[in-house]
Amino acid sequence: MLCQICKKKEATIILTKVSEGQKTVIQLCQDCASMFNDKLSIFPIPEFNINDLLTGLLKAIDLYSKEEGVIPIKEVKCSNCHLTYDEFKQSGKLGCSVCYHDFREQLIPLLRRLHGNSEHVGKIPQRAKGKLNKIRKIKQLRKELQEVVSREEYEKAAKIRDEILKLEGALKKRNAK
Amino acid sequence: MQNNKKGIILQKLKESDAEWTNGQGPLSDIVISSRIRLARNIEGIPFPSRADQVELKNIFDLSQQVIEKSSLFKDYNLLLLDELTPLERQFLVEKHLISIYHALKKQVYRGCIFNQRETLSIMINEEDHFRIQYLLSGLQLNEIWKLINKIDDEIEKIVTYAFSGKEGYLTSCPTNVGTGMRASVMLHLPALAMVGGMNDILKAISKIGYVVRGFYGEGTEVMGNLFQVSNQITLGLSEEEIIDNLEKVNQQIISQEQKVRNDLLSNSKSQLEDQIWRAYGILSSARIISSVEAMELLSKLRFGVELGIISHPDLATLNKLMLLIQPAYLQMLAGKDLDPFTRDLQRAILIRNKISE
Ligand SMILES: [Zn+2]
Ligand SMILES: [Zn+2]
Chain F
1109 MLCQICKKKE ATIILTKVSE GQKTVIQLCQ DCASMFNDKL SIFPIPEFNI NDLLTGLLKA
1169 IDLYSKEEGV IPIKEVKCSN CHLTYDEFKQ SGKLGCSVCY HDFREQLIPL LRRLHGNSEH
1229 VGKIPQRAKG KLNKIRKIKQ LRKELQEVVS REEYEKAAKI RDEILKLEGA LKKRNAK
Chain V
4 MQNNKKGIIL QKLKESDAEW TNGQGPLSDI VISSRIRLAR NIEGIPFPSR ADQVELKNIF
64 DLSQQVIEKS SLFKDYNLLL LDELTPLERQ FLVEKHLISI YHALKKQVYR GCIFNQRETL
124 SIMINEEDHF RIQYLLSGLQ LNEIWKLINK IDDEIEKIVT YAFSGKEGYL TSCPTNVGTG
184 MRASVMLHLP ALAMVGGMND ILKAISKIGY VVRGFYGEGT EVMGNLFQVS NQITLGLSEE
244 EIIDNLEKVN QQIISQEQKV RNDLLSNSKS QLEDQIWRAY GILSSARIIS SVEAMELLSK
304 LRFGVELGII SHPDLATLNK LMLLIQPAYL QMLAGKDLDP FTRDLQRAIL IRNKISE
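Chains as they are written, first to last, in this note's numbering: chain F, 1109 to 1285; chain V, 4 to 360.
Read the hints as simulated data drawn from the structure, not as lab findings.
Where hints are given, some of them may not hold.
As the list claims (entries may be wrong) - Derived BS3-like pairs: lysine-lysine, alpha-carbon spacing no greater than 27 Å straight-line: (1) V:Lys210 - F:Lys1242; (2) V:Lys8 - V:Lys72; (3) F:Lys1237 - V:Lys169; (4) F:Lys1274 - V:Lys160; (5) F:Lys1251 - V:Lys169; (6) F:Lys1237 - V:Lys160; (7) V:Lys210 - V:Lys262; (8) F:Lys1197 - V:Lys108; (9) F:Lys1237 - F:Lys1197; (10) V:Lys72 - F:Lys1237; (11) V:Lys17 - V:Lys323; (12) V:Lys17 - V:Lys160.
Since the structure is predicted, the reported quantities are computational estimates derived from the model, not experimental observations.
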């Protein structure tokens, strides 16, 4: 490609200019580029490349699920911020934390494509730690309860049941807050 | 915030050097800096793109509370971007304190918190409510994780993060959900660039879930042979795993670069020396210079210092110069708007002075 300004030398520098939402790409040779100056050089492409990638992926998943016979429901809407799934597909951005819950079914294949995974295994915030640990504890106690009942140890069972009720009560209080 | 407070903060920022430019971290002959950023949102408030003015203000007020209530954040600065001129916002971008997206986005109550050392910055109401980033010189991802993790815990004492047991930290864009963590390493790879080895590397690492960006992050072009390598996957891996994998990828690129550097030194030392001294010659005598040309030549000079061909200026001076010569920084130093031609003149003077210091 020849330089777009002098039309003589080979273009080695690609400048991207954004003004009023219009993106212009200019290909220049070294000499003309230095004339053109720093005004264009670092200021760049504000919209995210990753977003193009994401919206492309969303369309691909749509097609894929059609082939699979799973027809996506068109008018899925977030119960909290009222973002529709179609709007999400356009922008690549969710509206609020409830979107994750309300779009979960649609999001799972997307998360798998993006991350190879759909479940978090990293850090847990301090505040949620108590709750997640309580949930884990309740699961474990339920197992124990079944075991002691099968051994007909009813006194122990009653104790475990009380503990489960206490934990569940605490969780409910937490959620109500 | 009163105008003079804003003025004082910017004045200080203009005069101070970011700690990450000191050129002293591990492997600093190839690694300029390491960075981790965490995306966090507050429970019960829509993400910035869908929040109304009152909600955006709530978030901004919360960030103010965070730095007022915690002793960890004493001496921190808070800027409301709405009050800054486009030039001042661009200056913050050039300082690596905010993203370009944050500088250009048309939305009220955008903020930026940062410390004096410029190691930590928090963007308020960017794509997510809070984007916390920590920067250190050289390859120091593990150290940064320890530091930023503590800061994250501290903020959480005051706010409640949007979090789900299944998807982890909830973010505006599903590409960040889970850990909300993007770790990146800024590499100077002149040898690989010289022999045309970058394309293969870029292809290979993008296949395994890593991306390469330019000097100013997402959507910016590579200049001065500076490449920013970062993770793309944020869900299904722990923070430690993400860091560990990224460090391994970078170690591989670094050893490739080292290998090519050694090859060049043993096979074409004279040509290398010639190129480096020519760069020195132009930088120390040019009267007019664009930032594109300056970045290319500073990269060559840096290469010469890294190889021990040239001993002066040191890496710290060169790192700082890369920031100082950017358009907004030059204009902030001059205290007024400069047309491109005047900038080229000023830039040449600045470089000559710094190099002969
Ligand atoms: Zn030309
Ligand atoms: Zn929503």
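> Does the alpha-carbon distance linking V:Lys210 and V:Lys262 stay inside the 27 Å limit?
Replying inline: Holds, at roughly 23 Å.
>> Next pair to validate is F:Lys1274 with V:Lys160; report whether the Cα-Cα distance is within 27 Å.
In response: Satisfied, since the Cα-Cα distance of roughly 26 Å is no more than 27 Å.
>> Next pair to validate is F:Lys1237 with F:Lys1197; report whether the Cα-Cα distance is within 27 Å.
In response: 33 Å, violated
> Is the straight-line distance between the alpha-carbon of V:Lys210 and that of F:Lys1242 27 Å or less?
Replying inline: Violated - the C-alpha atoms of F:Lys1242 and V:Lys210 are around 40 Å apart, more than 27 Å.
> Given the hinted pair V:Lys72 and F:Lys1237, is their alpha-carbon gap at most 27 Å?
Replying inline: Given pair V:Lys72, F:Lys1237 holds - Cα atoms ~23 Å apart, limit 27 Å.
> Taking 27 Å as the top limit, are the C-alpha atoms of F:Lys1237 and V:Lys169 close enough?
Replying inline: 13 Å, holds
>> Would the hint linking F:Lys1251 and V:Lys169 be met if the CA-CA limit is 27 Å?
In response: With Cα atoms ~22 Å apart, F:Lys1251 and V:Lys169 stay inside 27 Å; holds.
> Between V:Lys8 and V:Lys72, is the straight-line Cα distance small enough, at 27 Å or below?
Replying inline: With a Cα-Cα distance of about 20 Å, the restraint between V:Lys8 and V:Lys72 holds, given a limit of 27 Å.
>> Need the status of pair F:Lys1197, V:Lys108: alpha-carbon distance at most 27 Å?
In response: 21 Å, holds
> Is it true that the CA of V:Lys17 sits at most 27 Å from the CA of V:Lys323?
Replying inline: Status holds; Cα separation ~12 Å.
> Quick one, are F:Lys1237 and V:Lys160 close enough, alpha carbons at most 27 Å?
Replying inline: 13 Å, holds
> Holds or violated: V:Lys17 with V:Lys160, Cα cutoff 27 Å?
Replying inline: Roughly 33 Å separates the two Cα atoms, so the pair is violated.
The structure does not agree with the numbered hints 1, 9, 12 stated previously, though it agrees with the rest.
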